[in-house]
Structure formats: structure tokens, C-alpha cells
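**Student:** So the protein sequences, as listed, match chains P and V.
Numbering that gives the first Met the number 0 puts the first residue of the first sequence at 0, with every later residue one more than the last.
Numbering that gives the first Met the number 0 puts the first residue of the second sequence at 0, with every later residue one more than the last.
What the hints contain is simulated information worked out from the structure, not anything from laboratory work.
Each residue gets a CB set at the ideal place from its N, CA and C atoms; glycine is no exception.
Just the calculated beta-carbon pair ranges, DEER-fashion: (1) A30(V) - R683(P): 33 to 43 Å; (2) D143(V) - S51(P): 14 to 24 Å; (3) V196(P) - A186(V): 57 to 67 Å; (4) A32(V) - T106(P): 33 to 43 Å; (5) E242(P) - A229(V): 49 to 59 Å; (6) T106(P) - A229(V): 31 to 41 Å; (7) S151(V) - T106(P): 45 to 55 Å; (8) G253(P) - L142(V): 23 to 33 Å; (9) A229(V) - G253(P): 37 to 47 Å.
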Amino acid sequence: MPVAAYATLRGTVYAGQVTPGALVTAMDPTGQEGHLEGDVSRGSIASVDGISIQYSYRVKLGGEWIPREHLHGSFEVEEGIDSHTALFSFGLAGQEYSVAATARTWTHAPVEVWVTTGRPGALRERCRAAGVVLTCEQPDSREPVVRVSCADDAALYDRWELCYEVAPGAGLTRGEICAEAAIDAGIPAWDIPPGAVYQRPVVASSKGLFDFLRSFGEPEGWSWRFRPEDRVLEAYSVRLRQEPEPPDHVWQLGDVAGVDTTPPRDVPSRWVMRGTAVVSTDEDGGTTRTTRTVVEGLYAPKVCAEMLHPDGSVVPTSAAEQPEAVRVVSILEDEVRESGGRTVQQTTREWGWYNPAAARLRTPGVGESAGPIEGLYGCQAFIDPDGELRAWAREAFVQIGERRQTPTYDAAGTPVRIHTTKHAWYRRAQAVRNVGSEAANVVGTGVGADDQSYLVWDVTLSSVNRIEGYGLATADDVRYEHDPVTGAARREIQESWGWASPRTAIEGVPWYLLYSGTGQQHQLAPWSLRGRQETLNLLDPVDGHLLGKIESEFGYGVSKRVSGPYDWGDFRSNRSVEVFALRKRTSTQYNVLSEDAYEEIVEDDDGRRTPKLITGRAPLARFASSAWTALRQQPLETVLDDATVEAWWGFARRVIDHEYLQSLAEARDLVARLRSRALAHQHRVTRPVTLARPGQTVLLDDPRSGTYGRCLVTQLRETWQLASPTSVMATYTLEQPL
Amino acid sequence: MSTADTQGARTAATFDGYPLAGVAADLWEVAAAELKGNVTMADGSVREQRLAPLPGLPQVTWRHTFSLGWAHVGKLQRAIEARLAFPGAHRICFWKHMTLGYLGDGTTAEMSLPAGWRLALHVLTPPDGLPAARYEPEVRIGLDSLDLVPVSHVAPELYASDVTPEGEVWFERTTGDTTGRFRFGLAPGVDERVVVSVVPEIRCLTAGDSESRQYRDPHREPRRIVLVEA
Numbered sequence: 000m001p002v003a004a005y006a007t008l009r010g011t012v013y014a015g016q017v018t019p020g021a022l023v024t025a026m027d028p029t030g031q032e033g034h035l036e037g038d039v040s041r042g043s044i045a046s047v048d049g050i051s052i053q054y055s056y057r058v059k060l061g062g063e064w065i066p067r068e069h070l071h072g073s074f075e076v077e078e079g080i081d082s083h084t085a086l087f088s089f090g091l092a093g094q095e096y097s098v099a100a101t102a103r104t105w106t107h108a109p110v111e112v113w114v115t116t117g118r119p120g121a122l123r124e125r126c127r128a129a130g131v132v133l134t135c136e137q138p139d140s141r142e143p144v145v146r147v148s149c150a151d152d153a154a155l156y157d158r159w160e161l162c163y164e165v166a167p168g169a170g171l172t173r174g175e176i177c178a179e180a181a182i183d184a185g186i187p188a189w190d191i192p193p194g195a196v197y198q199r200p201v202v203a204s205s206k207g208l209f210d211f212l213r214s215f216g217e218p219e220g221w222s223w224r225f226r227p228e229d230r231v232l233e234a235y236s237v238r239l240r241q242e243p244e245p246p247d248h249v250w251q252l253g254d255v256a257g258v259d260t261t262p263p264r265d266v267p268s269r270w271v272m273r274g275t276a277v278v279s280t281d282e283d284g285g286t287t288r289t290t291r292t293v294v295e296g297l298y299a300p301k302v303c304a305e306m307l308h309p310d311g312s313v314v315p316t317s318a319a320e321q322p323e324a325v326r327v328v329s330i331l332e333d334e335v336r337e338s339g340g341r342t343v344q345q346t347t348r349e350w351g352w353y354n355p356a357a358a359r360l361r362t363p364g365v366g367e368s369a370g371p372i373e374g375l376y377g378c379q380a381f382i383d384p385d386g387e388l389r390a391w392a393r394e395a396f397v398q399i400g401e402r403r404q405t406p407t408y409d410a411a412g413t414p415v416r417i418h419t420t421k422h423a424w425y426r427r428a429q430a431v432r433n434v435g436s437e438a439a440n441v442v443g444t445g446v447g448a449d450d451q452s453y454l455v456w457d458v459t460l461s462s463v464n465r466i467e468g469y470g471l472a473t474a475d476d477v478r479y480e481h482d483p484v485t486g487a488a489r490r491e492i493q494e495s496w497g498w499a500s501p502r503t504a505i506e507g508v509p510w511y512l513l514y515s516g517t518g519q520q521h522q523l524a525p526w527s528l529r530g531r532q533e534t535l536n537l538l539d540p541v542d543g544h545l546l547g548k549i550e551s552e553f554g555y556g557v558s559k560r561v562s563g564p565y566d567w568g569d570f571r572s573n574r575s576v577e578v579f580a581l582r583k584r585t586s587t588q589y590n591v592l593s594e595d596a597y598e599e600i601v602e603d604d605d606g607r608r609t610p611k612l613i614t615g616r617a618p619l620a621r622f623a624s625s626a627w628t629a630l631r632q633q634p635l636e637t638v639l640d641d642a643t644v645e646a647w648w649g650f651a652r653r654v655i656d657h658e659y660l661q662s663l664a665e666a667r668d669l670v671a672r673l674r675s676r677a678l679a680h681q682h683r684v685t686r687p688v689t690l691a692r693p694g695q696t697v698l699l700d701d702p703r704s705g706t707y708g709r710c711l712v713t714q715l716r717e718t719w720q721l722a723s724p725t726s727v728m729a730t731y732t733l734e735q736p737l
Numbered sequence: 000m001s002t003a004d005t006q007g008a009r010t011a012a013t014f015d016g017y018p019l020a021g022v023a024a025d026l027w028e029v030a031a032a033e034l035k036g037n038v039t040m041a042d043g044s045v046r047e048q049r050l051a052p053l054p055g056l057p058q059v060t061w062r063h064t065f066s067l068g069w070a071h072v073g074k075l076q077r078a079i080e081a082r083l084a085f086p087g088a089h090r091i092c093f094w095k096h097m098t099l100g101y102l103g104d105g106t107t108a109e110m111s112l113p114a115g116w117r118l119a120l121h122v123l124t125p126p127d128g129l130p131a132a133r134y135e136p137e138v139r140i141g142l143d144s145l146d147l148v149p150v151s152h153v154a155p156e157l158y159a160s161d162v163t164p165e166g167e168v169w170f171e172r173t174t175g176d177t178t179g180r181f182r183f184g185l186a187p188g189v190d191e192r193v194v195v196s197v198v199p200e201i202r203c204l205t206a207g208d209s210e211s212r213q214y215r216d217p218h219r220e221p222r223r224i225v226l227v228e229a
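Required output: the full structure, derived from the provided sequences and hints.
**Tutor:** Right under this line is the structure:
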């Protein structure tokens with residue numbers, strides 16, 4: 000505990016007071032200087048410190064106090080900062096304690112040991128150990144004498160295996176996570192400091208409770224114990240108190256019976272601490288990653304050596320054939336923009352050699368009379384080596400495609416919509432005439448080599464009609480709806496957009512006819528929704544596993560009828576124009592047969608069921624994103640070299656992979672603590688029992704050996720022998736860092 | 000009356016109610032071990048560690064060993080052997096005052112003799128026709144107080160039902176195996192030292208190795224009784 004303020008205490012000390020020392024009045028907030036007044040009792044300290052101290056203990060076993068005359072031998076207790084369990088034992092003499100007579104001496108019977116200490120007339124009693132019986136030893140003797148071994152309440156939870164996890168970035172502190180683990184194990188009360196906010200995920204399945212707590216709390220410097228006074232699980236900080244804080248205890252020669260000292264040996268000179276840290280992503284700053292792939296190869300751009308004339312004649316052109324040479328064949332550019340660890344947009348562009356298509360016929364212009372070929376006029380067009388009609392004399396290196404994918408995320412980071420647009424060279428269907436019109440009365444329509452009519456983008460030379468243009472060609476929009484319980488995708492809706500117009504009947508309707516004779520509702524195909532596919536996933540309500548799916552396809556279509564009033568050319572129908580409606584529905588069912596085989600049963604519109612055995616695991620639906628899937632981690636490592644230690648004992652390395660470190664600062668702090676403990680003189684002090692507990696700081700002053708310094712109490716073993724000669728001694732293990 | 004009246008081994012001991020009178024014992028030894036230990040600290044100083052007494056019990060806890068030895072037990076032989084032919088507990092009374100120290104705490108009015116002790120006068124008749132008055136308990140508050148607290152012996156029924164008058168102390172007239180107890184009319188104050196001298200009859204067991212005899216003389220019947228406080 001850091002020193003927060005210095006103050007002058009004025010008051011009376013009552014040595015015989017039986018309550019622990021406490022300041023009974025608060026700091027006066029009005030004073031300029033800190034001013035505290037209160038009563039401080041040294042009764043607790045005096046109860047174990049003096050030249051004549053009385054000792055006793057009593058035992059409550061299975062809820063009943065054991066008569067003093069039944070206690071046999073000594074009471075011993077052992078605890079330390081490296082163990083979460085305090086072990087203690089005592090002896091009982093009597094027939095009723097035999098393992099044949101009772102189960103309370105060898106099963107988990109509740110047990111408490113209360114000790115009484117103090118100067119004559121000023122005895123104080125406190126609970127020294129509490130927990131449960133572990134087992135007992137009953138050696139041969141005239142009367143049953145059992146040695147009962149016990150442990151604190153940690154024994155009740157020692158075999159508990161956790162089933163517990165914490166999502167990354169849950170905002171919980173280490174203390175809160177430890178408390179939840181304690182709840183998982185059923186521990187009723189705890190006292191755990193908050194500690195640092197833990198950003199990393201925690202997966203503690205089938206891990207022992209105290210293995211987890213010890214390892215998880217190690218970066219904070221926590222040790223664990225059950226307080227005997229109130230049976231509360233406590234995480235206490237083990238830290239050597241440094242100046243100006245006072246030590247917890249001062250031991251001089253008059254306080255100790257003996258001090259055995261062991262210096263450090265074979266301490267590692269290099270400490271390597273490894274762990275994993277969460278990579279934090281900046282939500283505001285974006286990154287763009289561009290990958291450009293240029294392909295070069297032997298290629299000769301296609302040159303149109305011939306030209307089609309309006310009268311149908313084909314004449315050679317003056318264009319010279321390009322030689323085959325190493326040149327850029329294509330360029331592919333992939334651009335990914337990310338922000339906060341998520342892809343905001345991905346764009347793929349492609350360049351290549353291309354020559355757009357040209358029309359072979361065209362409709363008459365405004366004021367122009369009907370043409371000679373079915374009312375149409377012939378066009379100029381370049382003819383490439385493959386015989387296709389082209390708009391340019393030779394291929395040009397131009398952009399030939401661009402695909403842009405834009406995801407949309409919800410608050411949890413789940414992509415709920417993916418919008419994809421595609422730019423390309425495309426054609427737009429355009430009619431040549433109105434239904435019922437003899438003349439090709441739609442201006443600006445060209446007929447391609449495929450006998451379909453399209454919009455003419457531009458006209459070059461005298462009549463080269465280009466029917467392909469570069470621009471937005473198609474778009475797809477995919478949306479996902481997730482089950483709120485399991486997170487699995489419940490519905491997927493995909494809509495496709497493009498340049499198209501519904502087909503129509505070819506007689507008796509107010510619409511248009513293409514050159515092929517097909518009816519079309521619009522003169523020029525508009526940007527419209529072309530199709531929709533909905534997939535409804537049938538999910539297990541508990542775990543979101545895919546049990547089956549229903550796929551529905553919507554699109555434009557029309558049903559045929561032999562005697563329908565509308566003539567569509569090659570069939571008749573009741574409808575004059577295509578309608579957007581459900582076109583197909585398929586149900587699929589997955590029956591899992593074993594771990595690596597399942598049956599897929601597909602049922603179509605007609606009710607036909609098609610079962611199929613498939614090896615492998617049944618397919619899964621998409622799942623919503625979570626902190627787990629968005630987690631990014633990177634390894635961390637810190638190295639501490641100690642030249643002095645290397646000079647003393649030579650090079651030795653100790654590598655520690657710690658599961659629960661989350662930052663370099665924690666790794667450095669932990670390494671410093673481990674090194675400090677390894678590089679310490681170890682004093683084993685034998686002395687009458689005191690109030691010192693593991694984790695406290697003792698200033699040890701032994702002029703005989705020159706030992707003077709603050710030490711950490713790491714372990715203690717108390718022995719309470721009350722028969723003659725009475726001996727209530729303890730061995731404390733102290734570590735004095737160099 | 001003073002403790003000087005019981006100094007010296009003038010009075011024969013009473014063993015299990017039988018006065019060991021008529022043949023002088025060559026050995027009369029009372030050894031006491033206190034439940035305490037002395038710890039020598041690193042600087043040479045010494046601390047003592049004692050058994051903490053239960054409330055109302057003497058501050059110092061002793062465990063006594065009694066040894067009685069005869070070169071020739073004489074006419075006592077039949078009586079002694081008959082009593083030792085049965086297991087304990089035995090009772091021994093040396094007709095000597097033994098002094099106990101209690102600490103007052105302001106609230107405890109009733110105190111007890113050590114476990115297994117009872118006033119000899121409650122169960123025995125003093126040997127040799129000696130007056131019972133010389134074996135009466137003495138109770139004083141304060142180490143060197145000259146004023147004795149008046150003592151009364153009351154029946155258990157009255158002890159349980161009535162109130163001890165202020166300034167007096169009542170001893171419960173012990174029966175059976177009950178440990179003797181006494182009660183002040185007013186609880187001794189905090190840290191007041193209560194000094195109680197009593198002539199007890201003490202519950203004992205024979206020591207495990209007490210049966211050792213050396214027949215050096217064909218006419219003598221040696222006997223040694225070693226009793227340990229139970």
C-alpha cells in the first residue's frame with residue numbers, strides 16, 4: 000500500500016484492548032495539515048510478543064468442540080505464497096476418533112482451529128486455520144491416536160475443472176474474471192482486487208480452478224488463500240514494501256531463536272518471457288493495400304485486315320498487321336481498403352487488349368427512309384481475324400473490367416450486406432420497331448452479328464455503329480439475416496441487377512419488337528432488378544447447426560398456354576408481358592449419419608426427393624462475427640540479460656511462455672519479480688510464533704552475520720506443542736532480494 | 000491458622016481414603032512439572048511459553064508426580080496392595096496446602112481447582128485426630144494481602160441456587176468425581192491476583208514403572224508407590 004499521507008497521531012494506546020488497533024476518528028478535512036486522532040491498540044501484537052506468553056488452541060471438528068484432554072501432540076500449520084492451500088494437522092486421542100468409529104476424522108468434515116495467545120490476563124483468541132479434514136493417520140497404539148490432516152477451503156474446490164470463457168475485449172478486469180471463475184466453481188465469497196482490464200480472450204475449459212487463478216493472477220503479482228477468519232477467497236499482492244513504507248515486522252536477535260541462511264545459486268542470466276498481445280486497430284485511420292499484377296508475353300494485337308461496307312461488300316483495309324512481340328498482355332489491380340481491421344471496399348480492375356463490337360445493320364435515322372435490308376441499312380464494320388465485326392481498326396489496350404465489392408457491417412462487425420458492382424463492356428438490348436409497325440421506327444438501334452438489336456453507343460467514320468459500351472454492367476446485392484440466439488445466418492437474399500427489359504407478346508400489345516422478333520416492354524432495356532434468390536436456412540435452435548435449407552428463385556417469366564390470347568412467337572400465353580415472380584423452390588435436408596458422413600435430400604418443385612450420401616461433415620451456415628473472429632493477436636517477447644549473474648554463475652537461459660500476459664509492460668514486470676525472487680538470500684528463521692503471514696515484509700536485523708534488510712515472507716510452518724515442555728515455534732522462510 | 004501448620008511431612012498421606020499411618024515412609028516426594036517451555040533467543044535472552052489456562056483455572060498448570068517409598072511397608076501392605084490391585088483413578092492426599100494463583104478479570108466470579116482436585120476436607124477426615132480447621136482453604140486477593148476472604152462450604156444444591164454474599168467465597172462441597180470449584184460474592188477485578196491455598200485430594204494414576212522392589216532383607220517388605228496426576 001503506498002503512503003498517501005504523513006500525519007501525527009495523538010491518542011492513548013491500550014495494551015490490553017482486545018479489539019484490533021484502529022483509528023476511530025477520520026481525518027479532519029478542514030485542517031491545513033493532516034490531523035488524525037484515534038485509539039491504537041497493540042493488543043494483537045502484544046498477544047504474541049513478550050517474555051512470558053501463554054498459548055493454547057482448541058479444535059472444532061464436525062461442528063463440535065473437542066475436549067482439551069482429547070487433543071494429543073502438536074497442532075501444525077503450513078502456508079506460503081506459492082501455494083493456494085494452507086495445510087494443518089493435529090492429533091486426537093480416544094476411541095471415538097478411531098477411523099472405525101467415525102468418519103469425521105478422514106472425510107471432508109468441517110474443522111476449525113482457534114488459537115489463544117497472550118500475556119496472563121490478556122489472552123486473545125483467533126481462528127488460525129479453518130477448512131475441511133483431508134485424511135488421518137492412525138498408527139498402532141494402546142488407545143486410538145489419530146493424526147488428522149486438514150486443509151483450508153481450497154480443498155473443496157481443488158479438483159474443480161472450469162468450464163468458462165471470456166470473449167476478447169469484454170472489458171472485464173482480471174479481478175472480475177477471477178471472480179467469475181470463482182462463481183463458476185461455486186465459491187460463495189471472495190476478496191479480489193480489480194487489477195488491469197484484460198483485453199485478451201480467456202478459454203479455461205477443463206482447467207483446474209486454482210491452476211487458472213494462480214497463472215492468471217501471476218502478472219498482477221497475486222497469491223491466493225482462503226482467509227481463516229471469514230472463509231473468503233482472497234487474492235493478495237505479494238510485494239516487498241520499500242522505503243518510505245514501514246515494514247510489517249522488525250525482527251532482531253532478541254526476537255529470533257535462529258537464522259539459517261542460504262544464498263542464491265545457479266540463477267539464470269537471461270530471462271525470456273513470451274506471451275501474446277491483442278493488436279488494437281484504429282477505427283478512424285484506414286489502410287489501402289493495392290496489388291498490381293502485370294502480365295507480359297508474346298502477343299500481337301488483333302488488326303482488322305478487312306472492312307464490311309454498307310452494301311455488304313468486304314474490302315481490305317490499309318491497317319498493317321502487328322508483329323508478335325513481348326508486350327503487356329494484361330494488368331490486374333486489386334485494391335483493398337481496410338479500416339479498423341475490416342475490409343471496407345475491395346476493387347479489382349483489369350486492363351487488356353479489346354475491340355468493341357460493331358453492328359452490321361442499323362435502323363434508319365430521323366427523316367431517313369426505310370433501308371434496303373428489311374427496312375434497315377447496312378453498316379461499316381471492321382472484321383477481325385476471327386470474323387467478328389469490330390468498331391475499331393485494331394485492338395486497343397483499355398480497361399476491360401472492374402469489380403467493386405462493398406460490405407456493410409452491423410455494430411458487432413458482422414457483414415450484413417455485400418454490394419458488388421461490375422463494370423465491363425456490355426450491350427443494351429434496344430428494339431427496332433413498335434409492335435404492329437412495319438417500319439423500323441426506333442432510331443439508333445444496331446443489329447449485331449448475333450442477330451440481336453442493341454443500342455448504338457456511337458457512330459464513327461461514316462457508319463461504324465458501336466454496340467458495346469464500357470460502364471456499369473451488372474450489380475449484385477447479398478444480404479444476410481442472422482439468428483439472434485445462435486448467430487447463424489438465417490436468411491440470405493441475393494438480388495441481381497442489370498440492363499434488361501421484360502419480354503412481351505409480339506401482337507396486340509403497346510410495346511416493342513427486337514430485331515430477332517422477340518417482344519420487349521421497353522424500347523431500350525432499363526437498369527432493373529433481374530432476379531432474386533432467397534435461401535432460408537433451417538437451423539438447430541440451440542447450436543445453429545444447419546438442418547436444411549429452402550432456396551427460392553425469383554425472376555421474370557411467363558407461363559405458356561396453348562390457347563392463350565397472346566402470341567409470343569413460339570408459344571401462346573394468358574399474359575402479355577413477363578412478371579416478376581417465384582420461379583423455382585428447392586428444399587434440402589441434411590441428415591447427419593456419423594461424424595464424417597451425412598445424407599443430403601433435395602426436394603424440388605415437383606416433389607421429387609433426391610437423396611445422396613456425402614462423405615464429410617454437414618455444411619454450416621455463415622455465422623455472425625464476434626469479438627472472437629475479429630480478434631487479432633501478435634506474439635510478444637521480452638528479454639532480460641543480467642551481466643552480473645552471468646559473471647557469477649555463467650550463462651543460463653530460462654524461457655517462460657506465459658498464457659495470460661497481455662502486454663510487454665506486464666512481461667517486464669513479471670520477469671523482474673521472478674528474477675528478484677530467484678536472486679535472493681533465503682533465511683530460515685526459527686522463532687516463537689508471530690502474526691507474520693506470507694506476503695508480508697520483515698526487516699531482519701542480525702548483527703552476528705551482518706544481515707540487515709527487508710525480506711519477503713514466502714513460507715511459514717508453525718508448530719504448537721502444548722505438553723511439557725510447551726513449545727510454540729515457527730519457521731519462517733524469508734527472501735531477501737540482493 | 001496458617002500454612003505453617005501443614006509444613007513438613009508430619010502427617011501421613013491418605014491413599015484412596017486409607018490413611019497410610021503407622022509405618023513411616025522413607026521417601027516422600029512430590030515432583031511437579033509445569034506445562035511450559037523456555038526458549039533461548041539468539042541474543043541469549045530467554046522467553047517462556049506457557050499453557051494458557053482455561054477461564055477460571057489457575058495461571059500455572061502443574062502436572063504432579065507423587066512418590067512414597069517404604070523400606071518395609073509393614074502392616075500397610077494388605078491395604079496398599081488391595082487398592083493397587085485395581086486400576087485408577089486413585090486419589091492421594093498429603094494433607095498439605097498447595098497454593099494456586101488466579102487472575103481476576105472483573106467478570107469471572109466462579110473459579111475451579113485444577114482438574115481432578117477436590118478439597119480433602121469434603122471427602123476425608125484428617126488423620127491422627129487433627130482438627131479440620133488447620134486444613135481449611137485460605138483465599139486472599141492480592142499477593143501479600145493479610146486479609147483472608149471468609150470461606151464457607153456449601154452443599155451443591157445451595158451452591159447452585161443461592162447467591163454468595165459479597166466479600167465471601169463459597170466452596171461447593173464436592174461429591175463423587177467432581178472437580179472442586181468456588182465462587183466469590185463479587186468477581187475479582189481486572190488483573191487482581193487471587194491466591195488460593197487448599198489441601199487437595201488429587202486424582203492420580205500409578206506410574207507405569209512404579210512396581211520395582213529390591214528385597215535386600217528377608218524380613219522386610221519394600222514398597223514404592225509412584226503416582227502421576229491424571
